[in-house]
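Asker: Chains as they are written, first to last, in our numbering: chain P, 1 to 265; chain A, 1 to 262.
Watch out, some of these pointers could steer you wrong.
As the list claims (entries may be wrong) - Straight-line C-alpha distance at most 25 angstroms; calculated SDA-like pairs for lysine to any residue:
#1 P:Lys-89 / A:Ala-20
#2 A:Lys-14 / P:Leu-255
#3 P:Lys-118 / P:Leu-132
#4 P:Lys-118 / A:Gln-178
#5 P:Lys-118 / A:Ala-182
#6 P:Lys-118 / P:Ala-50
#7 P:Lys-89 / P:Val-172
#8 P:Lys-89 / A:Leu-21
#9 P:Lys-118 / A:Asn-171
#10 P:Lys-89 / A:Gln-178
#11 A:Lys-14 / A:Met-238
#12 P:Lys-89 / A:Gln-114
#13 P:Lys-118 / A:Ser-113
#14 P:Lys-89 / A:Met-238
#15 P:Lys-89 / A:Leu-32
#16 P:Lys-118 / A:Met-201
#17 P:Lys-99 / P:Leu-75
#18 P:Lys-89 / A:Val-184
#19 P:Lys-118 / A:Ala-20
#20 A:Lys-14 / A:Ser-113
#21 P:Lys-118 / A:Asn-181
#22 A:Lys-14 / P:Lys-99
#23 P:Lys-89 / A:Ile-28
#24 P:Lys-99 / P:Leu-247
#25 P:Lys-89 / A:Gln-89
Said to hold, decoys possible - Every beta carbon over 12 angstroms from chain P, so not counted as near; a handful from chain A, in silico:
#26 Met-1
#27 Leu-21
#28 Val-42
#29 Ala-165
#30 Tyr-203
#31 Glu-221
#32 Gly-239
#33 Leu-240
#34 Tyr-252
Source of the hints: derived by calculation from the structure; they are not laboratory data. Glycine is no exception: its CB is placed at the ideal position from the N, C-alpha and C atoms.
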Amino acid sequence: MSRSLLKYAEVGLIAVRSAWAYVWNQLLSTLFLVVVIYVFVQLWRATFAAQGPAIDGFTLPEMIWYLVATEAIILSLPRVHAVLEQEVKDGDLALRLSKPYSYLGFHYASFLGEALVKLAAMLVVGGVTAYLMVGPIPFRWEAVPVLLLLYLTTHALNFFYVAAVGLLAFWVEEVLGIHLLFDKLKWILGGMLIPIGLYPETVRRVVEWLPFRYMVGGPAELFVHFSWGGAGALLVHQATWSVVFGLMCSGIFRLGVRRVDLNGG
Amino acid sequence: MAARQAAFTAAYLKANLATALEYRVSLITQVLGMLLNNGLWVFFWALYFARFPVLRGWTLDDVMVLWAVVTTAYGLAVGLMGNVLRLPQLIVQGQLDYFLALPKNVLLHVLVSQMRPVHFGDLLFGPVLLLAVVRPARAQVGVYAVVTMLAALVLLGFLILVGSAAFFAGNADALLAQVVNALVHFSTYPARIFDGGVRVMLYTILPAGFVSTVPVELVREFDWLRLLWLAGAAAAFMGLGIWTFHRGLRRYESGNLMMLRS
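Looking at chain P on its own, in the form it has when it is part of the complex (with noise of 0.2 angstroms):
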C-alpha cells in the first residue's frame, strides 16, 4: 500500500516541478484574477457604501478577502474534464489503461500537483491586490496547516466532481457543454462570489444539502472568520460527499472503459 502511494506522490512532484518550470505562465495567467478582485471591489464598495460598514458579519475587506479565497481555489482547479475529455477523443487513454497505476489516482496526484503551484500563484497576487485594495484583515497564523489540510480535501472532492463530468466523454465525446453547467452550479450555489449566508432563506435551506458549500464557499469562509469547530464540521462534510464522489467517479470510469475501442495502427 505505502509503495502505491509512493508511487502517486512521485506523480504528484513531477506535475509540481513541471509546473514550477512554468511559474511566470502561471503568475502572467492571474493578470484575470486581478480584474475579477477590482471588479468584486467596486461592487462591494457600492454596495457597502449603501448598506453600512458590515453585512452579515462580513465587513469590504472580509468580503473582497472571501473573494480572493473563493477565486483561489476555483482558478487553482486544473481542467481536469478537458484533459479526461481528450484522452477518450484521441485514444492516449489506452497508454494509461496499460499502465499498471490507477487511472483516475494516476490523474488526481498530477492534477494535485499543478494545482498546488497554481494556488501559490493565486493566493500571491490575489493576496497582495486585495491587501492594496482594501488592507489585510484579522488572520489566524496558528491554522494554517489545518487550511492547507482543508485545501486538499477540497481539491480531492472538486477533482472528482468535475472527474465525472470529464468521464462522460466516454458517451457524449464533447463534455463542454454538461461541463459549463456543473460548473456554474457549483460556482452560484457554492457561495463562489458571495457568501451564502447573505442568499434568500429558501435558497439557503436548499444549498444546506447540496455538496457545492463545501467545494467552495466553505473552505473560503474559515479562511476569513476561521474556527476549529467550522474546521471540524467541513472536514466531515467533505469526506462524506468525496467518498460519494468518488464512487460515481469510478462507477462511471468502469462503466465507461468497457465501451473504448481500440484501433491498431
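We have chain P already, so just place chain A on it with the hints.
Answerer: Relative to the frame of chain P, chain A by itself:
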C-alpha cells in the same frame, strides 16, 4: 459588392450550421450548457438584488437587459464569426495563405469560415431572457435589437483589432485571451460601479461600456444622441479593426508549414 459579400456570408453561415447539425447531440448539449450557464449568472444577480434591491440606480431588470444584450452580442460576434478568436493563431501559423489565394475579402472569409456552436446558446439566451422574463414594451424590443447589433459590431471590431496585433507582435494568443476575459468580465457589470479613470477606459481602450451599459441605457430610455454615440463607437472600432488587419496583412509572411484546414 455589399450584396455579393452578404450572399457569400449567408452561404458560409448556412454551410457551417449544417456542419454543426451533423453532431446533433454535441450541439444540443453545448447550447443547453451555455443557456444554463448564462441562466445561473442571472440567478446570481437575482440573489444579489433580492438582498440589495438597487445598485447605483440599477435594478434587477436593468441587469437582465444587460445580460440579454451582452450574450446576444457575443453570440453574433464570436459565435457566428467563429475565427475571430483564432486570428492570432491563424496569422502566426501561416494559415492565412489559403484565404489569400481566393478571390474573396480576406478578413470576411477568415471570420465566417468557422462557427462556434457553443455560442448559439448565447445567441438564444438574450431574446429568451428579454421576452420571457423582462417583458419590455414593443418599442423597447426594437431598440434592443438595434443596440445589440451595434454592440456586436463594437465587440467584433475590437476583437479584430486585438487579434491583428499578431501581425506586429508575433504570438498574441495569450494577450487576446486576457483582453477578451477582461472585456467580457467588465461587460457583465454596470459601468456605473466604476469611477474615474477606469470608467474612461471602459469607453475607450476596453469598450465594455459600449457593449453593455450604453445599450441598456438606450433600452431604458431611448435617446437619439446616445444611439448616435453607440453607432459611432461601432463604426470606429470596426473601422480601426479592419484597417489594422489590412495594415498587418502587408507585413504577413507565409510559412511553409503544412496544415490540415479545419
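Asker: Of all the hints given earlier, name the ones this structure violates by number, lowest first.
Answerer: The structure conflicts with hints 2, 6, 10, 13, 14, 16, 17, 18, 19, 22 and 28, although it agrees with all the remaining ones.
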